[in-house]
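Take the sequences, apply the hints, and build the full model.
Protein chains in written order, with the numbering used here: chain C, 1 to 144; chain R, 1 to 144; chain Y, 1 to 144; chain G, 1 to 144.
Identical chains share a label here; the pair holds if one copy fits it or two copies do between them.
No more than 20 angstroms apart at the CA atoms, straight line, and that leaves these computed lysine-lysine pairs for PhoX-like:
id, residue 1, residue 2
1, K120, K9
2, K40, K92
3, K40, K139
4, K87, K67
5, K123, K67
6, K67, K120
Calculated from the structure, these hints are not laboratory results.
Protein chains: 4
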Amino acid sequence: MQQNIIERKIMWGDLDALGIVFYPRYYEWFDACGHLFFEKINLNIGELWSEREILFGLAETSCRYFKPARYYQSIRIVTKIDALEEKFLILKHSIQASTDDTLMVEGYENRICLDVSDPKNFKAIDIPEDIYTMLESAKGELRA
Amino acid sequence: MQQNIIERKIMWGDLDALGIVFYPRYYEWFDACGHLFFEKINLNIGELWSEREILFGLAETSCRYFKPARYYQSIRIVTKIDALEEKFLILKHSIQASTDDTLMVEGYENRICLDVSDPKNFKAIDIPEDIYTMLESAKGELRA
Amino acid sequence: MQQNIIERKIMWGDLDALGIVFYPRYYEWFDACGHLFFEKINLNIGELWSEREILFGLAETSCRYFKPARYYQSIRIVTKIDALEEKFLILKHSIQASTDDTLMVEGYENRICLDVSDPKNFKAIDIPEDIYTMLESAKGELRA
Amino acid sequence: MQQNIIERKIMWGDLDALGIVFYPRYYEWFDACGHLFFEKINLNIGELWSEREILFGLAETSCRYFKPARYYQSIRIVTKIDALEEKFLILKHSIQASTDDTLMVEGYENRICLDVSDPKNFKAIDIPEDIYTMLESAKGELRA
Numbered sequence: 001m002q003q004n005i006i007e008r009k010i011m012w013g014d015l016d017a018l019g020i021v022f023y024p025r026y027y028e029w030f031d032a033c034g035h036l037f038f039e040k041i042n043l044n045i046g047e048l049w050s051e052r053e054i055l056f057g058l059a060e061t062s063c064r065y066f067k068p069a070r071y072y073q074s075i076r077i078v079t080k081i082d083a084l085e086e087k088f089l090i091l092k093h094s095i096q097a098s099t100d101d102t103l104m105v106e107g108y109e110n111r112i113c114l115d116v117s118d119p120k121n122f123k124a125i126d127i128p129e130d131i132y133t134m135l136e137s138a139k140g141e142l143r144a
Numbered sequence: 001m002q003q004n005i006i007e008r009k010i011m012w013g014d015l016d017a018l019g020i021v022f023y024p025r026y027y028e029w030f031d032a033c034g035h036l037f038f039e040k041i042n043l044n045i046g047e048l049w050s051e052r053e054i055l056f057g058l059a060e061t062s063c064r065y066f067k068p069a070r071y072y073q074s075i076r077i078v079t080k081i082d083a084l085e086e087k088f089l090i091l092k093h094s095i096q097a098s099t100d101d102t103l104m105v106e107g108y109e110n111r112i113c114l115d116v117s118d119p120k121n122f123k124a125i126d127i128p129e130d131i132y133t134m135l136e137s138a139k140g141e142l143r144a
Numbered sequence: 001m002q003q004n005i006i007e008r009k010i011m012w013g014d015l016d017a018l019g020i021v022f023y024p025r026y027y028e029w030f031d032a033c034g035h036l037f038f039e040k041i042n043l044n045i046g047e048l049w050s051e052r053e054i055l056f057g058l059a060e061t062s063c064r065y066f067k068p069a070r071y072y073q074s075i076r077i078v079t080k081i082d083a084l085e086e087k088f089l090i091l092k093h094s095i096q097a098s099t100d101d102t103l104m105v106e107g108y109e110n111r112i113c114l115d116v117s118d119p120k121n122f123k124a125i126d127i128p129e130d131i132y133t134m135l136e137s138a139k140g141e142l143r144a
Numbered sequence: 001m002q003q004n005i006i007e008r009k010i011m012w013g014d015l016d017a018l019g020i021v022f023y024p025r026y027y028e029w030f031d032a033c034g035h036l037f038f039e040k041i042n043l044n045i046g047e048l049w050s051e052r053e054i055l056f057g058l059a060e061t062s063c064r065y066f067k068p069a070r071y072y073q074s075i076r077i078v079t080k081i082d083a084l085e086e087k088f089l090i091l092k093h094s095i096q097a098s099t100d101d102t103l104m105v106e107g108y109e110n111r112i113c114l115d116v117s118d119p120k121n122f123k124a125i126d127i128p129e130d131i132y133t134m135l136e137s138a139k140g141e142l143r144a
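Below, the structure written as structure tokens:
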């Protein structure tokens, strides 16, 4: 099973008036970490788009907040594939405190495979076989 | 049952490179619409915080995306209470196309009642009775 | 002279940990208000892009902050053309307190006319004559 | 002269519909890099605030855009003190392409020293002597 790990510090601009992270920021990080995960398994989203007119669009996202993150705290975002189906995959993003591994936030992105060749009308399609194989291998099922 | 309705246009800064709304923006709007909903039922969050040191923090959020929103499209965000319990309430936000009422996006915020008097350690508490009554009335259960 | 006026409330998600607006938000509003200004003078940026492959890109922006804006405060953003040249225009955005007209923030966007037909290589061009005439009229110089 | 250097990749969420960075993002990065710069010279903004009720607020910001940054491009943000006066300092942020050092964006933040002990009324004050000395040393004037 492959995973992408990012370490970052909570910055001033991430905070709300309570001094804790404003929750839509977590989704911005999930989106970025999803792209970095794809890159890590050699699936460059920019190339996928420009060369094959395929992207993984969002069908559903969700997030649970266990512990608020505060200014200058170090966090670790761990991203991996939680589920893989013909037309979609689910990415799981876990945010831990870098210091003691406490789970702070946990989120999911359900990303469906889209043919975006017509910019006005995206179509859900089956994940192409070569990409499915890469995702399957990253998910780790073949290693059983 | 009370609801808050906001009309807005999709602006350039809401878009991603595909020309559709970047999904964390929806959560920013949900957060703002939640506050406007509270204001509409006479629950001013700023006063609640400064006078009683109580806030409604996020325990969980989720969102489903049915249809992408594009530049300068007019949308309507309808916010109402979906569930009310001793310690939390769930807000439901529905985003429709203003022109034909198509459902584009649907999201939920599970907000728990927090005592924030200690800025370093927020505590989940029962929703105070006077506020619970306001929320219950806004939810519309008393009207049966 | 034409101007675009927007009234908005400061929302929770606009604030930083000091409880005042996080300054990049002002630029997001300037960008949106610029687009609304163009729309008001019948220059639809979406059409300009899709039909003529022209956009007004940023060469320079600046902003001065006189008074911090706080939660739920009502502000007014007034946008107008401050300067117009062959290849660019400068938009001026003034943010006032809605209640007493105090000037809170003042910003400028220097927008140059770009041929974006090659997505990898934007080129600065003279503002096309028909658009220049609309901008000149909006600036109000013809009314002398 | 001290400087803070950050390397980052342009992520999907940084882009606008043209596929280039949406300009308010640059200011978000400037703000974060300013805080990292302060940290680097041992001026922790969080402690400054909680222990001495002092912060460096924005009086003015500006930015020039020379070359658009695109998806997954690697950039380098270099931050240093450009000017230091009794009541304020100016931070200069230069963004270069990591690959060939091309200057892409250049920005300035004029930050004034604020007494924030009264949350409703911030007051501009002289930079305290011990902090001024740290900033002066970081600016490098003492090395002549």
